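Asks: Sequence:
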Amino acid sequence: MKNIFKILLCAAVLQTGIACTAQKVQEPQRITVKGTQFYKGDKPYHYIGANYWYGALLAAKTGGDRQRLATELDLLKADGVDNLRILVGAEAGTQDFTVTPALQPKQGEYDNNQLDGLDYLLSEMRKRNMYAVLYLTNNWEWSGGMAQYLEWNGYGALPNPNIKPNTWPQFMDYVKQFHKCEPCQEAFKKHIKFILGRTNAYSKVKYTEDNTIMAWQIANEPRVFTADNEQAFTKWLNDVVDVIDATDKNHLICTGSEGKAGSADDIAIYERTHNNPKIDYLTMHIWPKNWGWYKHDNAKETLPAAITKTIGYINDHIAVSKHLGKPIVLEEFGLPREGESLDRKSGIADRDAFYKAIFERLALSVKNKEAFAALNFWGYAGTGANNPANGKWAKGDAFTADPPQEPQGLNSVFATDTSTLNMIKDFNKKIRK
Numbered sequence: 001m002k003n004i005f006k007i008l009l010c011a012a013v014l015q016t017g018i019a020c021t022a023q024k025v026q027e028p029q030r031i032t033v034k035g036t037q038f039y040k041g042d043k044p045y046h047y048i049g050a051n052y053w054y055g056a057l058l059a060a061k062t063g064g065d066r067q068r069l070a071t072e073l074d075l076l077k078a079d080g081v082d083n084l085r086i087l088v089g090a091e092a093g094t095q096d097f098t099v100t101p102a103l104q105p106k107q108g109e110y111d112n113n114q115l116d117g118l119d120y121l122l123s124e125m126r127k128r129n130m131y132a133v134l135y136l137t138n139n140w141e142w143s144g145g146m147a148q149y150l151e152w153n154g155y156g157a158l159p160n161p162n163i164k165p166n167t168w169p170q171f172m173d174y175v176k177q178f179h180k181c182e183p184c185q186e187a188f189k190k191h192i193k194f195i196l197g198r199t200n201a202y203s204k205v206k207y208t209e210d211n212t213i214m215a216w217q218i219a220n221e222p223r224v225f226t227a228d229n230e231q232a233f234t235k236w237l238n239d240v241v242d243v244i245d246a247t248d249k250n251h252l253i254c255t256g257s258e259g260k261a262g263s264a265d266d267i268a269i270y271e272r273t274h275n276n277p278k279i280d281y282l283t284m285h286i287w288p289k290n291w292g293w294y295k296h297d298n299a300k301e302t303l304p305a306a307i308t309k310t311i312g313y314i315n316d317h318i319a320v321s322k323h324l325g326k327p328i329v330l331e332e333f334g335l336p337r338e339g340e341s342l343d344r345k346s347g348i349a350d351r352d353a354f355y356k357a358i359f360e361r362l363a364l365s366v367k368n369k370e371a372f373a374a375l376n377f378w379g380y381a382g383t384g385a386n387n388p389a390n391g392k393w394a395k396g397d398a399f400t401a402d403p404p405q406e407p408q409g410l411n412s413v414f415a416t417d418t419s420t421l422n423m424i425k426d427f428n429k430k431i432r433k
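In this text, residue positions in the sequence shown follow the UniProt record's numbering: the first is 1, and each later residue adds one.
The set of hints was computed from the structure by calculation and includes no laboratory data.
Please read all numbers here as calculations on a predicted model, not as lab measurements.
Think of the CB as a built atom: it goes at the ideal place given N, C-alpha and C, for glycine as much as any other residue.
Where hints are given, some of them may not hold.
[To be verified] Derived DSSO-like pairs (lysine-lysine); straight-line CA-CA distance at most 27 Å:
(1) K249 - K127
(2) K235 - K204
(3) K40 - K433
(4) K34 - K322
(5) K61 - K164
(6) K345 - K395
(7) K295 - K77
(8) K300 - K356
(9) K429 - K43
(10) K43 - K289
(11) K34 - K369
(12) K345 - K300
(13) K429 - K127
(14) K369 - K433
(15) K43 - K127
(16) K309 - K43
(17) K322 - K356
(18) K61 - K43
(19) K260 - K289
(20) K235 - K309
(21) K356 - K345
(22) K164 - K369
(23) K309 - K367
(24) K309 - K40
(25) K322 - K278
(26) K206 - K190
(27) K190 - K249
(28) K278 - K356
(29) K369 - K425
(30) K193 - K77
(31) K322 - K367
(32) K40 - K106
(33) K433 - K34
(34) K289 - K164
(35) K289 - K278
(36) K61 - K300
(37) K106 - K190
[Said to hold, decoys possible] Here are the in silico distance ranges between beta carbons for each label pair:
(38) K190 - N113: 39 to 47 Å
(39) G197 - G339: 41 to 49 Å
(40) A268 - G197: 34 to 42 Å
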């Protein structure tokens with residue numbers, strides 16, 4: 001009754017024009033870094049968060065689903081998840097197997113409906129005291145990304161590796177040119193300044209002053225590709241870091257790297273490319289299926305081995321973080337449902353065992369005050385629909401955690417995956433004691 005009375009009283013007071021604090025949205029505390037730890041205010045901040053790359057698309061006024069968004073944000077919050085890793089927006093959106101609609105349909109031109117969606121998402125997260133890590137472009141084709149900048153700037157048609165006869169090696173050789181493409185880099189820097197220079201249409205808060213934003217991330221999985229490209233990659237990376245730092249002094253900066261796997265399989269390259277004091281924290285990604293560590297048709301033998309390799313990968317990167325004096329986040333990891341089924345009713349025992357091993361390593365790191373500070377699982381599909389018949393995404397389909405070029409439901413954690421979500425909730429409580 002007290003809360004109802006406050007709401008009614010507040011409504012009456014607002015009619016008089018007098019300020020009413022009872023209705024004020026709680027201001028999220030800024031996330032900072034001290035040594036190898038995150039802080040929220042004056043307290044350490046650890047989290048098990050989620051990848052929610054499609055959040056801004058779901059928040060669009062036209063073509064989105066704001067009711068679904070509200071439901072999913074509330075479900076996430078109830079499960080202790082307050083940190084979401086999100087794609088700022090896609091480029092072009094004209095090819096098969098790529099995200100559409102695009103935030104930037106043409107270079108330097110923006111879809112106002114998608115910008116409004118990004119504003120709305122951040123405002124809704126702000127109301128729930130949640131945090132966003134926003135990545136500004138993509139190394140991969142599924143949202144346009146760096147390859148699209150190359151196509152826009154005269155490097156020939158983007159060789160989408162999902163469309164034959166194009167191949168993944170061909171695509172990666174193409175994207176590698178981005179680090180030396182001056183017009184591409186200038187266009188990307190303009191994009192960064194444009195996004196960071198926004199004021200949220202709903203909260204009326206400047207992006208540079210919005211504590212809902214924990215960090216700006218340069219890209220999803222920017223890769224060196226080959227050892228001979230380290231110098232060009234490092235120069236590009238540092239130039240972008242300088243642009244973000246000059247534009248926004250209030251937020252953290254990270255790169256979005258996979259770690260060793262994105263550094264020509266050389267952890268020394270990873271350390272050298274991230275030895276920049278303006279890079280506030282490190283990231284790593286782990287994909288046992290993609291890397292050949294885990295095979296669903298031989299799970300009994302390969303799952304334990306995959307877990308051992310995963311913990312080893314984490315430990316190697318903790319050592320780098322300790323040496324550089326920065327926190328590190330495992331911000332992508334996933335495992336298919338049993339049998340690689342796309343049906344959300346299929347088993348997830350292997351995935352839960354994989355997740356549990358990672359959560360336990362994080363809990364140990366928190367206990368021992370190691371540099372491994374947080375993680376984001378891949379990825380939250382919430383109440384989204386999947387198609388167990390063929391798993392192919394088509395324009396207009398509901399988004400899930402799996403990007404358009406991948407089978408829908410393969411690595412997705414749905415709201416019905418209660419065993420996984422209950423474990424996340426329990427471990428979030430444990431690491432925040």
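Asks: Find the hints from earlier in the document that the structure breaks and name them by number, from lowest to highest.
Replies: Those not satisfied are hints 2, 5, 7, 10, 16, 18, 20, 22, 24, 28, 30, 32, 35, 36 and 38.
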